[in-house]
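Novice: Top line first, the protein sequences correspond to chains E and B.
Counting from 1, position 228 in the first sequence corresponds to residue 228 in this note's numbering; the numbering is continuous, with no gaps.
Counting from 1, position 533 in the second sequence corresponds to residue 533 in this note's numbering; the numbering is continuous, with no gaps.
Think of the hints as simulated: they come from the structure by calculation, not from any bench.
Since the model is a prediction, treat every value here as computed from it, not as a measurement.
No residue lacks a Cβ here, since even glycine has one placed at the ideal position from N, Cα and C.
Where hints are given, some of them may not hold.
To be verified - Listed below are the simulated BS3-like cross-link pairs for lysine-lysine, each with C-alpha atoms no more than 27 Å apart in a straight line: (1) Lys52/E x Lys397/B; (2) Lys227/E x Lys244/E; (3) Lys231/B x Lys184/B; (4) Lys184/B x Lys334/E; (5) Lys195/B x Lys324/E; (6) Lys397/B x Lys495/B; (7) Lys191/B x Lys326/E; (8) Lys317/E x Lys282/B; (9) Lys324/E x Lys193/B; (10) Lys327/E x Lys282/B; (11) Lys193/E x Lys238/E; (12) Lys193/B x Lys326/E; (13) Lys334/E x Lys495/B.
Said to hold, decoys possible - From the derived model, a few chain E residues whose C-beta atoms are all more than 10 Å from chain B: (14) Pro27; (15) Leu35; (16) Gln39; (17) Ala85; (18) His113; (19) His116; (20) Phe156; (21) Gln197; (22) Glu235; (23) Val259; (24) Met286; (25) Arg294; (26) Glu314; (27) Glu343.
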Amino acid sequence: MANNPEVVTQKYTAKDFSSDQDVRWCPGCGDYSILAQVQRTFPELVQTNKEKIVWVSGIGCSSRFPYYMNTYGFHGIHGRAAIIATGVKVANPDLSVWVATGDGDMLSIGGNHFIHACRKNVDLKILLFNNRIYGLTKGQYSPTSEKGKVTKTTPFGSVDYPFNPLSLALGSDATFVARSIDRNPKHMQEMIKRAGQHKGLALLEIFQNCNIFNDGAFELLTEKETKDDHVLVLEHGKPMVFGKNHDKGIKLDGAHPIVVDISNGKYSKDDLWVHDEFSDAPVHAMILAHLDDRPDMPSPVGVFRQYFKESYDEGIKTQINMIKQKKGEGDLEKVLFGANTWEVI
Amino acid sequence: MSDVKEKDFRVVTNVTVRFAGDSGDGMQLTGSQFSDTTAFIGNDLNTLPDYPAEIRAPAGTIYGVSGFQLSFGSDDVNTPGDLPDVLVAMNPAALRKNMKELKRGGVLIVNSDAFDQKNLKLANYDSNPLADDSLSGYELHQVPISSLTANALEGLPLSPKEVSRCKNFFALGLMYWLYDRPLKNTEDWIKDKFKNKPEYVEANTKALQAGHKFGEMTEVFTTRYKVEAAKLPKGIYRNISGNEATALGFLAASVKSGLPLFLGSYPITPASEILQYISAYKNFGVKTVQAEDEIAGVCAAIGAAFAGHLAITNTSGPGLALKTEGIGLAVMTELPLVIIDVQRGGPSTGLPTKTEQADLLQSIYGRNGEAPVCVIAARTPRDCFYMAVEASRIALKYMTPVILLTDGYLANGSEPWRIPHVNELPDIPVKFRTDPEGYYPYLRDENLSRPWAIPGTPGLEHRIGGLEKADVYGTVSYDPDNHDRMVKLRTEKVKRIVDDIPDLEVDGDDQGELLVLGWGSTYGTIKDAVIKARHAGLKLSHAHLRYLNPMPKNTEQVLKNFNTVFIPEINLGQLAHVIRSEFLIKVEQLNIVRGLPLKVNDILQRINTLLGGGNGK
Numbered sequence: 001m002a003n004n005p006e007v008v009t010q011k012y013t014a015k016d017f018s019s020d021q022d023v024r025w026c027p028g029c030g031d032y033s034i035l036a037q038v039q040r041t042f043p044e045l046v047q048t049n050k051e052k053i054v055w056v057s058g059i060g061c062s063s064r065f066p067y068y069m070n071t072y073g074f075h076g077i078h079g080r081a082a083i084i085a086t087g088v089k090v091a092n093p094d095l096s097v098w099v100a101t102g103d104g105d106m107l108s109i110g111g112n113h114f115i116h117a118c119r120k121n122v123d124l125k126i127l128l129f130n131n132r133i134y135g136l137t138k139g140q141y142s143p144t145s146e147k148g149k150v151t152k153t154t155p156f157g158s159v160d161y162p163f164n165p166l167s168l169a170l171g172s173d174a175t176f177v178a179r180s181i182d183r184n185p186k187h188m189q190e191m192i193k194r195a196g197q198h199k200g201l202a203l204l205e206i207f208q209n210c211n212i213f214n215d216g217a218f219e220l221l222t223e224k225e226t227k228d229d230h231v232l233v234l235e236h237g238k239p240m241v242f243g244k245n246h247d248k249g250i251k252l253d254g255a256h257p258i259v260v261d262i263s264n265g266k267y268s269k270d271d272l273w274v275h276d277e278f279s280d281a282p283v284h285a286m287i288l289a290h291l292d293d294r295p296d297m298p299s300p301v302g303v304f305r306q307y308f309k310e311s312y313d314e315g316i317k318t319q320i321n322m323i324k325q326k327k328g329e330g331d332l333e334k335v336l337f338g339a340n341t342w343e344v345i
Numbered sequence: 001m002s003d004v005k006e007k008d009f010r011v012v013t014n015v016t017v018r019f020a021g022d023s024g025d026g027m028q029l030t031g032s033q034f035s036d037t038t039a040f041i042g043n044d045l046n047t048l049p050d051y052p053a054e055i056r057a058p059a060g061t062i063y064g065v066s067g068f069q070l071s072f073g074s075d076d077v078n079t080p081g082d083l084p085d086v087l088v089a090m091n092p093a094a095l096r097k098n099m100k101e102l103k104r105g106g107v108l109i110v111n112s113d114a115f116d117q118k119n120l121k122l123a124n125y126d127s128n129p130l131a132d133d134s135l136s137g138y139e140l141h142q143v144p145i146s147s148l149t150a151n152a153l154e155g156l157p158l159s160p161k162e163v164s165r166c167k168n169f170f171a172l173g174l175m176y177w178l179y180d181r182p183l184k185n186t187e188d189w190i191k192d193k194f195k196n197k198p199e200y201v202e203a204n205t206k207a208l209q210a211g212h213k214f215g216e217m218t219e220v221f222t223t224r225y226k227v228e229a230a231k232l233p234k235g236i237y238r239n240i241s242g243n244e245a246t247a248l249g250f251l252a253a254s255v256k257s258g259l260p261l262f263l264g265s266y267p268i269t270p271a272s273e274i275l276q277y278i279s280a281y282k283n284f285g286v287k288t289v290q291a292e293d294e295i296a297g298v299c300a301a302i303g304a305a306f307a308g309h310l311a312i313t314n315t316s317g318p319g320l321a322l323k324t325e326g327i328g329l330a331v332m333t334e335l336p337l338v339i340i341d342v343q344r345g346g347p348s349t350g351l352p353t354k355t356e357q358a359d360l361l362q363s364i365y366g367r368n369g370e371a372p373v374c375v376i377a378a379r380t381p382r383d384c385f386y387m388a389v390e391a392s393r394i395a396l397k398y399m400t401p402v403i404l405l406t407d408g409y410l411a412n413g414s415e416p417w418r419i420p421h422v423n424e425l426p427d428i429p430v431k432f433r434t435d436p437e438g439y440y441p442y443l444r445d446e447n448l449s450r451p452w453a454i455p456g457t458p459g460l461e462h463r464i465g466g467l468e469k470a471d472v473y474g475t476v477s478y479d480p481d482n483h484d485r486m487v488k489l490r491t492e493k494v495k496r497i498v499d500d501i502p503d504l505e506v507d508g509d510d511q512g513e514l515l516v517l518g519w520g521s522t523y524g525t526i527k528d529a530v531i532k533a534r535h536a537g538l539k540l541s542h543a544h545l546r547y548l549n550p551m552p553k554n555t556e557q558v559l560k561n562f563n564t565v566f567i568p569e570i571n572l573g574q575l576a577h578v579i580r581s582e583f584l585i586k587v588e589q590l591n592i593v594r595g596l597p598l599k600v601n602d603i604l605q606r607i608n609t610l611l612g613g614g615n616g617k
């Protein structure tokens with residue numbers, strides 16, 4: 001807390017978070033935008049002590065991210081980012097621990113670590129770069145690729161159904177679940193900030209275009225002509241309106257969302273579903289996560305759900321302090337000589 | 001009891017007892033109580049719990065038999081004994097499974113109540129062995145343990161099932177009488193264990209006392225045995241199992257290094273107890289993460305090592321296989337990490353509750369790429385303590401993963417331990433890098449070890465990871481010459497640990513005809529075999545490797561001073577393989593892979609053959 005809020009000096013600039021390494025993503029990759037938005041947001045989020053920031057990643061294009069951030073960084077092995085980050089955070093809860101990962105890394109080989117990090121509510125900020133393809137291995141389908149996807153390993157189309165990352169996170173009781181898009185920098189900055197401010201596990205899925213192996217995967221959501229009709233920007237306490245002319249809305253019919261026209265007088269904004277980020281139950285967020293399962297529905301971006309409970313790292317710390325208080329600081333001599341001893345004279 | 005005539009005492013120097021019964025009969029408890037009391041009155045001892053992987057196999061079956069063997073004596077006791085002198089069999093299946101191992105003429109105590117048609121059939125007996133003369137070569141005592149226990153507990157508010165559960169304490173009481181041990185330790189233990197169930201305290205105590213009294217009152221037993229206290233070095237002792245010693249060793253290393261201990265772990269037999277013990281030391285600031293899988297266990301530990309903790313992960317063979325890639329990451333990032341492998345029978349799930357030494361090659365070589373790690377092995381249950389401290393010291397000093405090998409026998413077996421005082425243990429100095437001036441992540445000190453700069457330190461922000469790093473600078477590098485240099489530097493770093501470990505000691509002459517070379521838990525067995533061979537007039541020496549990679553500096557010289565090097569192992573010759581390829585010498589092997597410790601006699605027989613058919617030289 002600054003004593004005098006008027007003279008808060010910005011200690012860092014975006015440049016302070018940029019490392020001396022050349023960024024080696026393909027030209028045009030959505031990852032550049034994510035890196036830029038993180039570096040732009042961090043000076044606001046991290047006003048002092050940037051040595052407390054740690055970026056952890058797994059394997060894949062996304063996972064090169066830590067090398068480009070001038071913070072502490074750990075480039076792990078495939079799928080293990082969330083659990084390596086858990087080790088860092090539990091060891092030192094004072095650190096702000098961020099994870100950069102992709103759909104293959106976090107949802108396929110690392111799926112187990114992901115759901116358990118959510119379950120335990122480890123205080124990690126996970127940025128999931130979802131491009132729905134394996135990029136670094138050059139174009140195989142991923143666990144978020146749509147069914148029927150033709151790739152090098154599925155020349156006749158994939159047969160399996162994709163994961164819905166947000167549904168998975170919600171189902172694993174993640175305490176902060178949000179989504180943004182690489183082509184919407186302002187929105188992404190806002191989401192990064194919100195994730196960074198959340199105490200507990202924050203999952204931010206970012207739709208990220210791989211212009212080499214899956215170009216145009218999110219075209220409808222990013223192109224000027226189509227995006228307004230295909231993106232629903234969620235805002236807490238506001239009715240769900242979308243469409244180029246703000247003429248469409250989502251109405252909840254029981255547990256069943258429907259699109260209604262609010263331009264012809266039959267429905268008004270008052271009839272629409274009002275977004276509640278802090279809803280007690282995950283049900284509404286879950287409906288939103290599955291909204292675009294239907295082709296006539298827009299894809300929501302924004303904060304789907306946020307709620308609060310003690311984080312795992314905090315729980316461990318609290319328990320240790322409690323036991324120290326109850327039993328006193330550990331005394332090794334006492335433990336060694338504590339049990340059923342006898343003396344040989 | 002004054003009207004009861006004192007029975008004769010026979011003084012013996014060493015006894016091997018085996019308790020055997022159904023998995024649910026409480027044989028492990030009986031055995032460990034007998035061990036604790038035996039240790040308490042000053043005998044040396046060594047134990048071998050031997051139980052099935054199933055928690056409660058169907059009652060009465062042979063595969064459900066659980067056993068606990070211990071050897072105790074007034075001299076040094078180095079093994080749990082080859083064959084028992086005394087067998088306590090709680091049912092026909094226990095008899096069937098263990099009878100062939102009982103020494104000829106040995107004492108056999110059976111719960112005769114359990115020898116009904118159903119149990120006999122389950123144990124594949126066509127006729128009741130208690131009724132025919134098949135056991136005539138033994139000193140058989142038929143004791144109706146179930147009904148005597150029921151009689152003793154008459155009037156207590158317990159169900160028949162609860163009463164039946166007390167029969168192991170009756171058997172224990174009887175054995176306490178037979179070997180002249182006090183009841184008090186176990187009585188205290190019962191009081192503590194069932195402090196919230198007073199009726200169980202009363203029942204179990206009564207059963208224990210009834211067993212003891214039975215020995216006193218009946219005419220069945222004409223002789224009692226006395227085993228005098230062993231002449232152990234002065235000091236305060238406790239009885240300790242390998243797993244508990246391992247846990248205490250890491251706790252000690254944490255205290256002596258001033259670093260909080262972090263254990264990332266996934267439950268696996270027979271290693272889970274280490275996590276159980278360590279998770280109880282929270283008031284030392286210890287952090288335990290029971291992870292979602294084995295890989296998570298090692299990866300969480302790597303994260304904690306990066307953040308500056310004394311980080312360890314424990315497992316058994318299949319788990320070590322899963323942790324392989326993580327260990328490679330720790331090699332690449334050059335972080336301190338200790339991996340404890342409590343070896344069990346393999347491959348695959350293998351024999352989860354049995355012992356084996358077959359992970360040596362996996363430990364030394366089992367990773368992709370050139371990924372050298374330091375490998376050390378404990379040789380007795382109490383040695384697990386010292387090797388845990390040593391593993392931590394090496395990992396922290398050299399910024400390297402260290403694999404500490406123990407095994408199922410060491411883990412569950414126990415022996416008396418002269419407890420060291422904290423100030424007798426070596427300090428483990430640790431230095432975090434804090435000075436940004438001239439800092440690079442892969443600078444190296446005189447030990448080739450890189451600086452440990454932990455997150456939170458201003459000005460030292462850096463990135464490490466699994467990709468090859470440029471020498472000194474630590475940036476990602478694909479340069480061919482750099483890779484060649486880094487591969488060699490990592491290997492050289494682990495090799496140089498050799499200057500920091502004790503020489504290989506030789507028990508006996510340092511040259512001659514025969515050297516028995518071992519590693520790990522075969523220590524006591526080899527030691528006993530060598531002692532026996534010497535009693536028979538043979539000349540031979542014994543050396544035992546605690547450091548497997550690198551091996552002590554003088555290893556080659558030690559081996560080359562003998563005409564024959566003989567390596568007994570509970571595997572198909574893994575140390576033999578390493579020795580041959582390292583030193584180009586011929587070795588003799590003994591390889592028995594039964595999921596059990598080697599027998600002294602097996603080693604002795606081979607010694608006799610190697611030294612010319614048993615004729616002393």
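Novice: Which earlier hints can't be squared with this structure?
Specialist: Numbers 13, 17, 18, 19 and 27 - these are the hints that the structure violates, sorted from lowest upward.
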